[in-house]
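Here are the chains, one letter per residue:
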Amino acid sequence: MRAVRARVPVALVIPALIGLAFLVLPLIGLVIRAPWATLVDHLSTAEVGEALRLSLICATSATAICLVLGVPLAWMLARTEIPGRRIARAFVTVPLVLPPVVGGVALLLVFGRRGVIGQYLDSWFGFSLPFTTTGVIVAEAFVAMPFLVIAVEGALRGADPRFEEAAATLGASRWMAFRRVTLPTVAPGIAAGAVLCWARALGEFGATITFAGNFPGTTQTMPLAVYLALEQDPDSATVLSLVLLVVSVAILVSLRDRWIGARA
Amino acid sequence: MRAVRARVPVALVIPALIGLAFLVLPLIGLVIRAPWATLVDHLSTAEVGEALRLSLICATSATAICLVLGVPLAWMLARTEIPGRRIARAFVTVPLVLPPVVGGVALLLVFGRRGVIGQYLDSWFGFSLPFTTTGVIVAEAFVAMPFLVIAVEGALRGADPRFEEAAATLGASRWMAFRRVTLPTVAPGIAAGAVLCWARALGEFGATITFAGNFPGTTQTMPLAVYLALEQDPDSATVLSLVLLVVSVAILVSLRDRWIGARA
Amino acid sequence: GCGAPEQPPSSPAAAGSVTGAVTVFAAASLTETFTQIGKDFEAGHPGVRVRFNFGGSSALAQQISQGAPADVFASASPANMKQVADTGAVTFVRNKPQIAVGKGNPLKIATLADVTKPEVKLALCAQQVPCGAAATKAFEVAKLTPKPVTLEQDVKATLTKVKLGEVDAALVYRTDVSAAADDIDGVDFPEAIQAVNDYPIVTLTNAPNAAGGKAFVDYVLSEKGRQVLTTAGFDAP
Amino acid sequence: MTLQATLSVHIGSFTLAADIGVEPGTTLALLGPNGAGKSTALRALAGLRPLTGGVVELGGRTLDDPARGVFVPPEQRSVGVVFQDYLLFGHLSAVDNVAFGLRARGMRKREANTAAAEWLDRVGLAAQARHKPRQLSGGQAQRVALARALAIRPDLLLLDEPLAALDAATRIQIRAQLRKHLDEYDGATVLVTHDPLDAMVLADRLLVVENGTVVQAGAPAEIAKRPRTDYIAALVGLNLYRGTADGVTIKLNDGGVLTTAHPMEGAVFVTFPPNAVSLHKTRPDGSPRNTWLAEVAGIEQHADTVRVRLNGIPDLLADVTTAAVAELSLTPGQQVWVTVKATETNAYPI
Amino acid sequence: MTLQATLSVHIGSFTLAADIGVEPGTTLALLGPNGAGKSTALRALAGLRPLTGGVVELGGRTLDDPARGVFVPPEQRSVGVVFQDYLLFGHLSAVDNVAFGLRARGMRKREANTAAAEWLDRVGLAAQARHKPRQLSGGQAQRVALARALAIRPDLLLLDEPLAALDAATRIQIRAQLRKHLDEYDGATVLVTHDPLDAMVLADRLLVVENGTVVQAGAPAEIAKRPRTDYIAALVGLNLYRGTADGVTIKLNDGGVLTTAHPMEGAVFVTFPPNAVSLHKTRPDGSPRNTWLAEVAGIEQHADTVRVRLNGIPDLLADVTTAAVAELSLTPGQQVWVTVKATETNAYPI
Ligand SMILES: Nc1ncnc2c1ncn2[C@@H]1O[C@H](COP(=O)(O)OP(=O)(O)OP(=O)(O)O)[C@@H](O)[C@H]1O
Ligand SMILES: Nc1ncnc2c1ncn2[C@@H]1O[C@H](COP(=O)(O)OP(=O)(O)OP(=O)(O)O)[C@@H](O)[C@H]1O
Ligand code: MOO
Ligand SMILES: [Mg+2]
Ligand SMILES: [Mg+2]
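Each protein sequence line maps, in turn, to chains H, L, B, G and A.
So in this note's numbering, the last one in the first sequence is 264, and the numbering has no gaps at all.
So in this note's numbering, the last one in the second sequence is 264, and the numbering has no gaps at all.
So in this note's numbering, the last one in the third sequence is 237, and the numbering has no gaps at all.
So in this note's numbering, the last one in the fourth sequence is 350, and the numbering has no gaps at all.
So in this note's numbering, the last one in the fifth sequence is 350, and the numbering has no gaps at all.
Honestly, I wouldn't trust all of these hints.
[To be verified] Sample of chain H residues with no beta-carbon within 10 Å of chain L, all distances over it, derived:
1) W36
2) A37
3) V40
4) S44
5) T45
6) R113
7) Y120
8) G126
9) T134
10) R180
11) T185
12) A187
13) P216
14) Q232
[Unchecked claim] Derived SDA-like pairs (lysine to any residue); straight-line CA-CA distance at most 20 Å:
15) G/K225 / A/T305
16) A/K225 / G/I350
17) G/K225 / A/K281
18) B/K39 / H/Q232
19) G/K132 / H/E164
20) A/K341 / A/H302
21) G/K180 / A/G298
22) G/K225 / G/R205
23) B/K82 / B/A181
24) B/K147 / L/P216
25) A/K180 / G/Q334
26) B/K96 / H/Q232
27) G/K180 / A/A168
28) G/K180 / A/H302
29) G/K225 / A/V306
30) G/K132 / H/D160
31) G/K251 / G/T271
32) G/K132 / H/Q232
33) B/K137 / L/Q232
34) B/K103 / L/R114
35) G/K225 / A/A168
36) G/K132 / G/S93
37) A/K225 / G/T305
38) G/K132 / H/F163
39) A/K225 / G/A168
40) A/K281 / A/V306
Think of the hints as simulated: they come from the structure by calculation, not from any bench.
For every residue, glycine included, the Cβ atom is placed at its ideal position computed from N, Cα and C.
With the hints as extra help, turn the sequences into a complete structure.
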């Protein structure tokens with residue numbers, strides 16, 4: 001079939017292509033400079049595999065936490081008339097603006113062994129978050145949650161609340177209406193938010209290294225490994241970054257395919 | 001008036017409140033530990049004012065660039081059937097996953113003095129991006145653009161394309177339809193994307209310091225000042241972070257008010 | 001200031017008294033050397049595992065003061081060391097500043113004064129980090145006013161700028177230059193000797209594995225440990 | 001269960017005030033133009049918009065009474081609602097949509113699905129049980145929505161313009177089916193529509209709402225015969241005038257005089273149907289006492305008649321045959337004589 | 001400018017095939033059920049959906065011809081469209097909406113606004129010029145959409161169900177106004193509707209589309225009198241049967257026999273109106289030759305008659321008076337005798 005209105009306006013295409021080039025060129029720079037000859041050596045260390053595994057586990061767990069806590073939070077911001085909702089919404093953007101290292105310090109101040117909450121966790125349960133894999137997850141969740149909340153709140157605002165009313169007239173409690181009507185309706189928005197959240201968690205560095213430290217096997221995620229590699233051997237840092245990129249883009253694309261496949 | 005269906009389900013409120021607390025508590029930790037007694041001393045240095053001014057200028061300029069390039073890019077991803085669109089969309093998420101420091105290195109590889117493009121900029125125009133305020137803006141734009149593109153693409157997908165068709169039947173070219181019909185329609189989505197973009201640019205650290213360096217007055221933004229303050233005097237780092245936070249949240253809230261005010 | 005040089009123990013602690021994991025928080029600039037030392041130490045102490053947490057000295061200090069379960073802290077600056085341990089720290093190596101230039105020294109930089117010339121793009125570390133403090137000291141001694149284009153967050157970032165040709169010269173540590181000898185050359189200058197940076201190390205008072213920590217510190221201070229460090233370009237204290 | 005409600009709802013500058021009473025097994029239709037407050041009334045009955053004042057009682061149970069602080073939320077009312085655009089859940093199949101209310105009431109999945117399948121069968125959609133809403137035609141979607149609302153066996157059924165989204169031919173067919181289902185339903189029904197024929201066919205009683213206020217109530221046929229506002233007169237296709245009767249002579253408020261067959265006194269409405277009008281080129285002699293000169297303002301071809309819009313004292317609509325139009329060679333702007341037999345007029349007190 | 005189009009459009013499994021010709025100053029109505037392809041046809045004419053085959057010519061200019069690779073995009077056609085839900089630009093005032101097309105054609109802001117204000121005045125909305133679409137009622141929005149489409153002085157005007165979103169009373173009024181505007185417009189008009197009355201009032205010619213195919217075309221009154229599909233028969237309210245005539249006796253395809261007044265031969269349609277039917281408790285003697293037994297399937301109260309749905313050989317609809325229902329005490333399931341006078345039937349060849 002002939003394309004419908006195929007003449008795409010130049011005034012849009014040119015900035016769009018510049019924008020795309022701007023995002024893609026640096027990547028090409030990395031690829032060009034990558035030490036392809038010694039690539040296999042760089043990759044074959046056990047630490048790389050471990051860091052990658054840890055990165056994926058932590059980013060996925062952090063995304064799960066963000067979903068469990070963030071979706072209800074987004075719902076509260078979008079659908080209820082609770083006083084102080086505006087302030088709450090402003091607070092949600094805080095971790096976006098806070099330099100991640102400071103975010104890590106702030107997390108230490110709260111959940112550290114001497115922290116506001118952490119001291120009780122430690123003395124009552126003998127349990128301490130920093131320098132554990134759980135700590136990595138907490139740090140990543142802290143930094144990434146705003147992305148999920150903001151995306152899901154937007155999706156909820158776009159969803160027609162009358163479907164929830166229809167569910168109520170059928171006898172559904174607000175919780176059931178949320179679970180069986182609202183959630184399926186905003187699923188695409190939640191998926192988009194989860195992708196942003198996961199990507200941000202995967203790339204997280206500052207808050208993680210500050211709050212959870214940098215222990216290979218327990219808290220050293222790929223970005224931390226990249227950071228240390230930069231100290232030692234910048235070439236391998238490039239390779240590590242590319243590995244992280246390829247894996248994450250592959251996962252995102254395959255998820256999208258599966259997800260779109262499931263809908264069609 | 002009595003609240004409509006005020007009984008908010010516990011199953012939602014509890015995780016929502018935990019989520020909110022999770023985001024707010026670290027901030028409270030920072031506030032508690034801030035050295036209020038010596039606050040004025042910490043703030044009265046000229047460098048803080050300068051860094052704050054620079055941060056706001058650069059984040060705003062970066063957001064402007066992202067709007068100019070990112071909105072057309074989002075439009076292209078959402079509305080055209082260009083081949084390779086799926087790959088383009090995957091590339092857009094790349095700067096999200098790339099550790100910012102590596103992003104900075106990648107930018108150097110392209111726009112640096114010896115970079116793929118930068119060498120020509122340097123030899124033809126005697127112009128070099130690193131160590132300039134423009135460099136800061138470029139680094140921030142690189143890191144923050146995906147947020148804008150993803151948000152705006154979502155908004156465009158949600159907007160009814162039939163309004164563009166209506167504009168076409170009235171004789172509007174695609175460019176005019178975009179400018180006079182599509183843009184105003186997705187204005188809220190663009191605003192939301194711009195806020196995410198601006199916040200991300202404001203908090204940007206790794207790519208900035210790697211690509212643009214750190215010089216007070218030209219390239220030292222608040223996150224850089226915070227990072228360096230952390231090296232010597234964590235208290236003042238806390239204060240600086242809080243300043244950044246208060247200013248950015250105040251700007252976001254006042255923009256929202258003005259913007260909502262204009263619509264009502 | 002740097003810890004008063006102590007008499008290094010003539011031999012490492014007896015291998016038998018050490019068990020479990022030893023957690024070492026070490027400055028990022030020690031990544032290569034300490035990783036090697038850790039391996040050697042483990043080889044000499046079967047059943048003992050060394051866990052490293054490499055990071056910026058200040059971040060490590062912050063973590064330790066927030067209760068991080070560290071046995072040993074090796075800092076790149078006495079100031080960061082002071083935030084966690086007032087006493088007991090020992091200087092185990094020193095590092096001298098050196099001028100880093102592009103491979104082959106295209107601008108023929110020979111003295112500290114050369115880097116202050118207006119046509120030379122210069123990168124320094126920020127004052128707040130040890131290498132920046134050292135640079136300031138060196139320029140003070142030479143009575144020169146540098147005009148850097150950037151004040152970098154740490155040595156490696158500074159070095160990256162030289163390597164990619166963004167700047168013509170930078171003041172960094174000798175160890176860093178020798179680690180990157182493939183891409184850059186180093187130029188010694190006489191004032192460097194008066195801008196030496198001390199690296200202190202300590203077994204922390206709250207160490208979960210104090211014995212292990214002590215054994216590790218002793219090993220670093222031992223001949224074998226020194227050997228690794230000096231090979232990498234560090235000076236003995 | 002009897003519905004007894006006194007509704008008072010303020011939304012911004014809009015106020016709805018209406019008394020609604022419906023006996024079990026009967027249907028009340030709310031008829032009115034866009035924005036009259038019909039949906040607002042249904043939402044108040046369903047509990048989707050709390051009353052500002054008044055009270056809603058269903059089978060003796062108070063559902064809403066702001067003065068006493070009583071408010072039963074929608075999910076605790078036994079009220080089924082068919083929404084104007086159906087609001088079927090897009091991610092659920094037809095049978096899951098119908099089973100939703102049963103599941104919400106705690107029925108097991110298996111039983112709920114069996115019951116839902118029976119309901120779908122009853123509305124003739126057994127074959128479409130597994131279809132998603134977007135695979136259903138408008139008429140099918142409407143029947144799923146009806147089954148969904150009825151499956152919870154509500155004491156009160158609310159229907160908001162259930163036929164508005166259907167095309168004209170489908171509408172005739174679905175209306176007949178809906179009528180059958182409402183006949184079988186033994187609860188009280190309130191139906192919103194702006195189509196008088198829907199109201200005639202489906203309702204036992206009719207409440208005409210304009211601008212938030214009830215302007216007329218009664219049996220559909222009665223209202224069709226004796227409209228009390230211009231809106232209803234236009235709907236049912238009658239010429240309506242207000243005037244003062246003195247015997248068989250009625251002086252119209254907006255000018256003109258009509259003569260009726262039965263003597264009346266005082267303020268009255270008077271109507272006559274457009275097809276009771278005869279048009280003449282010249283002033284006719286003979287019987288009709290209502291004769292006046294008018295100007296043709298518009299001509300519309302209907303199925304087998306032509307509707308002529310005439311300006312005169314008073315204005316009127318006339319339905320004439322196509323043959324008559326040709327014979328009179330009617331064109332806009334032309335002057336014609338109008339006659340209406342007194343026996344065709346109908347006068348009743350205001 | 002004459003519109004001459006042969007449309008062939010495939011969308012998925014749906015195929016539209018229709019020939020459309022409209023003379024300047026005349027209106028063609030496309031009538032058909034939901035999903036028949038009416039909107040698809042309009043979209044093809046507007047250039048919003050390129051043809052798969054066929055050709056669109058307007059005033060001799062080829063707008064779309066896939067065989068020759070010609071395709072004029074919508075913004076370069078002189079075609080005004082009024083969309084079903086109007087698609088007014090929400091962020092622009094009424095006058096800016098109307099001025100949009102003029103501005104797109106390069107007119108200066110000042111002049112465009114003046115011209116737009118005139119158009120609004122012409123549709124009686126001078127006072128609402130500065131209102132945003134959401135502040136307009138349905139009828140007002142429809143008129144703004146019409147003014148917006150007409151302001152660009154198109155050679156072809158396309159209207160997609162322009163009255164469907166209006167309530168019944170508003171509809172009567174807006175229909176009359178639309179008729180006036182169409183009379184004044186000198187281009188060709190294509191109007192989509194599923195209401196036969198809209199088609200009667202507004203169109204000169206009628207094209208009935210079902211399932212992508214033209215099933216009947218002609219003058220509205222002709223189609224109303226001689227429907228050729230069940231869909232049209234239902235719309236215009238006639239009983240329609242197919243059969244084979246042998247003189248005045250017609251053997252119906254689905255069973256039963258009808259007698260007509262005028263002898264015919266071969267395959268025929270035969271119709272009679274529901275109000276030509278009489279119902280009796282016992283078999284009547286005397287004249288009507290069409291007499292058969294049927295069972296009452298449904299009863300609907302209309303304004304002044306009662307519509308009875310009857311199953312027999314053949315099935316039929318009957319309109320009787322309320323008095324007759326009472327006298328016969330009609331209830332569903334009951335058996336009654338049906339008579340239809342031969343002179344009331346109308347037979348015409350298939
Ligand atoms: N949420 C709301 N906020 C403000 N005004 C409202 C709201 N809902 C309804 N209204 C106003 O209340 C009035 C009645 O609206 P309602 O929807 O009940 O009318 P309706 O009779 O159902 O009309 P329609 O035939 O168009 O459905 C209207 O004037 C409308 O503008
Ligand atoms: N974009 C599309 N993709 C797939 N199928 C479509 C699309 N648009 C229309 N169709 C199909 O084409 C057929 C005709 O649709 P169209 O909208 O033209 O009908 P219509 O006569 O305008 O109906 P309605 O009265 O409901 O507006 C339908 O079967 C519809 O499902
Ligand atoms: O410990 Mo550092 O990285 O030399 O400041
Ligand atoms: Mg309504
Ligand atoms: Mg359509």
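A quick look at each hint next to the structure:
1. W36: 15 Å, holds
2. A37: About 18 Å separates H/A37 from the closest Cβ of chain L, which puts it past 10 Å; holds.
3. V40: 20 Å, holds
4. S44: H/S44 is indeed farther than 10 Å from all Cβ atoms of chain L, at 21 Å.
5. T45: Nearest chain L Cβ is 18 Å from H/T45, so the label holds.
6. R113: 13 Å, holds
7. Y120: 13 Å, holds
8. G126: 21 Å, holds
9. T134: Consistent with the label, H/T134 stays out of reach of chain L, its closest Cβ about 14 Å off (over 10 Å).
10. R180: 13 Å, holds
11. T185: 13 Å, holds
12. A187: Label holds. Min Cβ-Cβ 13 Å, cutoff 10 Å.
13. P216: The assertion about H/P216 holds, with a minimum of 17 Å to chain L.
14. Q232: Given that every Cβ of chain L is farther than 10 Å from that of H/Q232, nearest at about 14 Å, it holds.
15. G/K225 / A/T305: 12 Å, holds
16. A/K225 / G/I350: The hint is violated at about 41 Å.
17. G/K225 / A/K281: 29 Å, violated
18. B/K39 / H/Q232: 17 Å, holds
19. G/K132 / H/E164: 18 Å, holds
20. A/K341 / A/H302: Outside the cut-off at roughly 23 Å; violated.
21. G/K180 / A/G298: 8 Å, holds
22. G/K225 / G/R205: 14 Å, holds
23. B/K82 / B/A181: 33 Å, violated
24. B/K147 / L/P216: 12 Å, holds
25. A/K180 / G/Q334: Cα-Cα ~16 Å, so holds.
26. B/K96 / H/Q232: Holds - the C-alpha atoms of H/Q232 and B/K96 are around 19 Å apart, at most 20 Å.
27. G/K180 / A/A168: This hinted pair is violated, its Cα atoms lying about 24 Å apart.
28. G/K180 / A/H302: 16 Å, holds
29. G/K225 / A/V306: Roughly 15 Å between the alpha carbons, so the hint for G/K225 and A/V306 holds.
30. G/K132 / H/D160: The given pair, whose Cα atoms are some 18 Å apart, holds under the 20 Å limit.
31. G/K251 / G/T271: OK: G/K251 and G/T271 at ~13 Å, within 20 Å.
32. G/K132 / H/Q232: 59 Å, violated
33. B/K137 / L/Q232: Measuring from Cα to Cα gives roughly 17 Å; hence the hint holds.
34. B/K103 / L/R114: 14 Å, holds
35. G/K225 / A/A168: The given pair, whose Cα atoms are some 18 Å apart, holds under the 20 Å limit.
36. G/K132 / G/S93: Status holds; Cα separation ~4 Å.
37. A/K225 / G/T305: 12 Å, holds
38. G/K132 / H/F163: With Cα atoms ~16 Å apart, G/K132 and H/F163 stay inside 20 Å; holds.
39. A/K225 / G/A168: 18 Å, holds
40. A/K281 / A/V306: Since the Cα atoms of A/K281 and A/V306 sit roughly 17 Å apart, the hinted pair holds (cutoff 20 Å).
Figure legend: structure checked against the earlier numbered hints; hints not met, in rising order: 16, 17, 20, 23, 27 and 32.
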